[in-house]
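Each protein sequence line maps, in turn, to chains C and V. Numbering-wise, my numbering puts 179 at position 179 of the first sequence, and it's gapless, one number per residue. Numbering-wise, my numbering puts 241 at position 241 of the second sequence, and it's gapless, one number per residue.
Hint data in this document are derived by calculation from the structure and do not stem from the laboratory. Remember, it's a predicted structure, so these values are computed and weren't measured experimentally. It is possible that part of the hints are untrue.
Here are some of the chain V residues that sit facing chain C, going by a computed Cβ distance under 7 Å [stated by the list, open to error]: (1) Val60; (2) Ala62; (3) Leu65; (4) Asp126; (5) Ala337; (6) Trp341; (7) Gln415.
Sample of chain V residues lacking proximity to chain C, with all beta carbon distances greater than 12 Å (derived) [claimed, not checked]: (8) Asp237; (9) Leu281; (10) Pro355.
One side only, chain C facing chain V, incomplete, derived with CB under 8 Å [to be verified]: (11) Glu70; (12) Ser333; (13) Met335; (14) Cys339.
Every residue gets a Cβ at the ideal spot worked out from N, C-alpha and C, and that includes glycine.
Number of protein chains: 2
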Amino acid sequence: MAPQDSDHGRTVAAHGSRIDAYVDRYAARATGMVASEVRALFAVASRPEVVSLAGGMPYVTALPLDVVGELVADLVARRGPVALQYGSGQGDPHLREQICDVMRLEGIEGHADDVVVTVGSQQALDLITRIFIDPGDVILAEGPSYVGALGTFSAYQAKVVHIAMDDEGIIPESLAQTVYALQTAGSRIKFLYTIPTFQNPAGVTLNAARRAQVLDICQRAGVLIVEDNPYGLLGFDGEPMRALRADNPDGVVYLGSFSKTLAPGFRVGWALAPHAIRDKLVLAMESAVLSHSAFTQLAVGEYLATQPWREQIKTFRELYRERRDTMLSSLESLMPAECSWTRPSGGFFVWATLPEGLDSKALLPRAVAERVAFVPGTGFFADGSGARNMRLSYCYPEPERIREGVRRLAGVVEQELQLRDTFGAGAFPDHIGVDTPGPDLA
Amino acid sequence: MAPQDSDHGRTVAAHGSRIDAYVDRYAARATGMVASEVRALFAVASRPEVVSLAGGMPYVTALPLDVVGELVADLVARRGPVALQYGSGQGDPHLREQICDVMRLEGIEGHADDVVVTVGSQQALDLITRIFIDPGDVILAEGPSYVGALGTFSAYQAKVVHIAMDDEGIIPESLAQTVYALQTAGSRIKFLYTIPTFQNPAGVTLNAARRAQVLDICQRAGVLIVEDNPYGLLGFDGEPMRALRADNPDGVVYLGSFSKTLAPGFRVGWALAPHAIRDKLVLAMESAVLSHSAFTQLAVGEYLATQPWREQIKTFRELYRERRDTMLSSLESLMPAECSWTRPSGGFFVWATLPEGLDSKALLPRAVAERVAFVPGTGFFADGSGARNMRLSYCYPEPERIREGVRRLAGVVEQELQLRDTFGAGAFPDHIGVDTPGPDLA
Chain C
1 MAPQDSDHGR TVAAHGSRID AYVDRYAARA TGMVASEVRA LFAVASRPEV VSLAGGMPYV
61 TALPLDVVGE LVADLVARRG PVALQYGSGQ GDPHLREQIC DVMRLEGIEG HADDVVVTVG
121 SQQALDLITR IFIDPGDVIL AEGPSYVGAL GTFSAYQAKV VHIAMDDEGI IPESLAQTVY
181 ALQTAGSRIK FLYTIPTFQN PAGVTLNAAR RAQVLDICQR AGVLIVEDNP YGLLGFDGEP
241 MRALRADNPD GVVYLGSFSK TLAPGFRVGW ALAPHAIRDK LVLAMESAVL SHSAFTQLAV
301 GEYLATQPWR EQIKTFRELY RERRDTMLSS LESLMPAECS WTRPSGGFFV WATLPEGLDS
361 KALLPRAVAE RVAFVPGTGF FADGSGARNM RLSYCYPEPE RIREGVRRLA GVVEQELQLR
421 DTFGAGAFPD HIGVDTPGPD LA
Chain V
1 MAPQDSDHGR TVAAHGSRID AYVDRYAARA TGMVASEVRA LFAVASRPEV VSLAGGMPYV
61 TALPLDVVGE LVADLVARRG PVALQYGSGQ GDPHLREQIC DVMRLEGIEG HADDVVVTVG
121 SQQALDLITR IFIDPGDVIL AEGPSYVGAL GTFSAYQAKV VHIAMDDEGI IPESLAQTVY
181 ALQTAGSRIK FLYTIPTFQN PAGVTLNAAR RAQVLDICQR AGVLIVEDNP YGLLGFDGEP
241 MRALRADNPD GVVYLGSFSK TLAPGFRVGW ALAPHAIRDK LVLAMESAVL SHSAFTQLAV
301 GEYLATQPWR EQIKTFRELY RERRDTMLSS LESLMPAECS WTRPSGGFFV WATLPEGLDS
361 KALLPRAVAE RVAFVPGTGF FADGSGARNM RLSYCYPEPE RIREGVRRLA GVVEQELQLR
421 DTFGAGAFPD HIGVDTPGPD LA
């Protein structure tokens, strides 16, 4: 048995504090930086026998790897001294032109001079938060919203206020009321963060009529919009949606990414911003990393210049559509009747709601034991909501694995329902704050 | 003539404010984010007829480009699905092992689990500042210090206090006195930021005896050391210096980089940190960019695994030694007698001091007109010092260009001296704050 005398107690305390000798020296913003309690589970979930419906990883195996290999070798041979050198803080000028071509598919007439190339669009989120947010400032965001954005907002000590959404995206009345109430109360709303198209995690899309309303409400109230659009070109039906940015160049910062239309391994994203904000973004970018990799920027540029990238996006679209179909039909045929879920018309994710009395985080360990993983809903809210929700992604597993994953998940939910009906709803732990996602869960 | 009535005045004001509609909405930290006044000059200085002694760009043309090209093509062919996918927030595990091998050359016994791979060591600087600095906290730094670090510290609203240095690096007595005075006054010193070896910009190296003293002073006072060491393996004489981190694993965060020993275009740097700090760094990393490019990390890993990288570093060392020799002999034979400068035994930079009454920033436009560029000294201080200093880099231009650049510079200084002796010292503008460097000036 351990001795109980006070000297030993002190020794233990001293040892305990040595676990982190710097515990009382961190910045206030770092106090919220704690590893998510579900991380350990996801480490288990990455084992091959587990069907992961948790990750947001694109299926890069669908890329023509031989072509990409030749392209990067050719890049070094022809432009090595540039590709291997420091680049500009704003990003490669030619790539910025090409990015404008990509955005034109969504109705955006942007200028290369207003584009900043970033280390994935995650960095664009970080930089825009850095230049706008003082501790306590308000950011509006859909509820649920992207877990990686909530983590960044939390790291800058923003207060996130959620806007209600339904199957057609943000509910404009909810936005208008929230803005009015906050501004009346003297809150400093810095921006609305929205993923209007094939939202992560909800899988829903803001319809055209509501886009006009959201733009109008924000313009009248003087609220900047940060439009995050990594999935916009991955729609399963018809033409791409018109971006919010297309109809208000002065009031919208647009964030884009090649992570889903090409490959995340290059980490090339961007922000298109009103000119004055762009100035600040470039300075923040240089302060953060000096410049992005010239190599990966030029590789993306060569890919766009020499390869049929629109055709490749079409390949991705068809691949993800098949997986979406498999997931929806599997859910329909296998999940207990009390469950519901969204029906995405693009992107990577389905947002499911469990029957009353069930808690998705409590369910996760059991699901992992049954060799299926998902992301519990609470991570996608800053206010503890989402206990009955889960994000199910269909982007990475092959269709037959998706069906098997849903079958396993349905079995776990079924068991939980039997327990609930026998013993009543359990007491579930409260959510303990925003989880920083692992990169593969973004 | 413009009308002077008040209505028009209001219109003008409204238009004026439209230049930046968001001017009153930025975070407090963003108010200091303004472009350096010397940027426009450096744009001119990048023209081929100008000899730039300003940049800190390594001479990547000395790399075997054909080998690098084959290596990246092979990487995509063999490991494409991993190289093009999201990676872990902490960085590729095998690369982290290899980084430990590199650090061992400087006496460091680190563990791969305590390494975080970052987007250049600049990002390591940003993240360490992010997790430690609340506005007003004190960071100690050599005077002069790396301009990119000062910019980052400023972006987090730190107060930088400089420690005096001489040709042997930080003066321990100055460090001890400053720490004592600040702690007595109740200041929160968060860390000492130091580049002990081949310092940027001063070109000097902390000697072995002082290393022990600096470690001792910081350990007694409970001051964390952030050791930034991008040039450590680029010494011109003998073996690499023993890193500070080698003698105090718990009290030093070590920052390293492949930008100077391989190529900056991959943007691969790292931090080696005590375990608890490493935990925070990983979370901050994920919040900032999710993960670094798997592609560039694996490319660096393949390079280290398959190429004679120690031999390549030797090639770089010999190349830079020749340029250092050229610069020193040119300064000796060409500069006016009243000038002085440091004599680096490694790295990229000479720190020159102009005669009394001369101001390096005022001199820069004239120098650029004479087709030579340097970085004025004030950017390397947070307190307005350095008006008589300039950083001269010898890393990038060929030796004959270095000699020609120094010749032009000496002519400009000579002319200024004649003006001073004829008319007396001019009234020079005060420095207006820390300049964020362009990436090529880092």
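We went through each hint and held it up to the structure:
no.	hint	verdict
1	Val60	holds, 4 Å
2	Ala62	violated, 10 Å
3	Leu65	holds, 4 Å
4	Asp126	holds, 5 Å
5	Ala337	violated, 36 Å
6	Trp341	violated, 25 Å
7	Gln415	violated, 32 Å
8	Asp237	holds, 27 Å
9	Leu281	violated, 9 Å
10	Pro355	holds, 33 Å
11	Glu70	holds, 7 Å
12	Ser333	violated, 31 Å
13	Met335	violated, 29 Å
14	Cys339	violated, 29 Å
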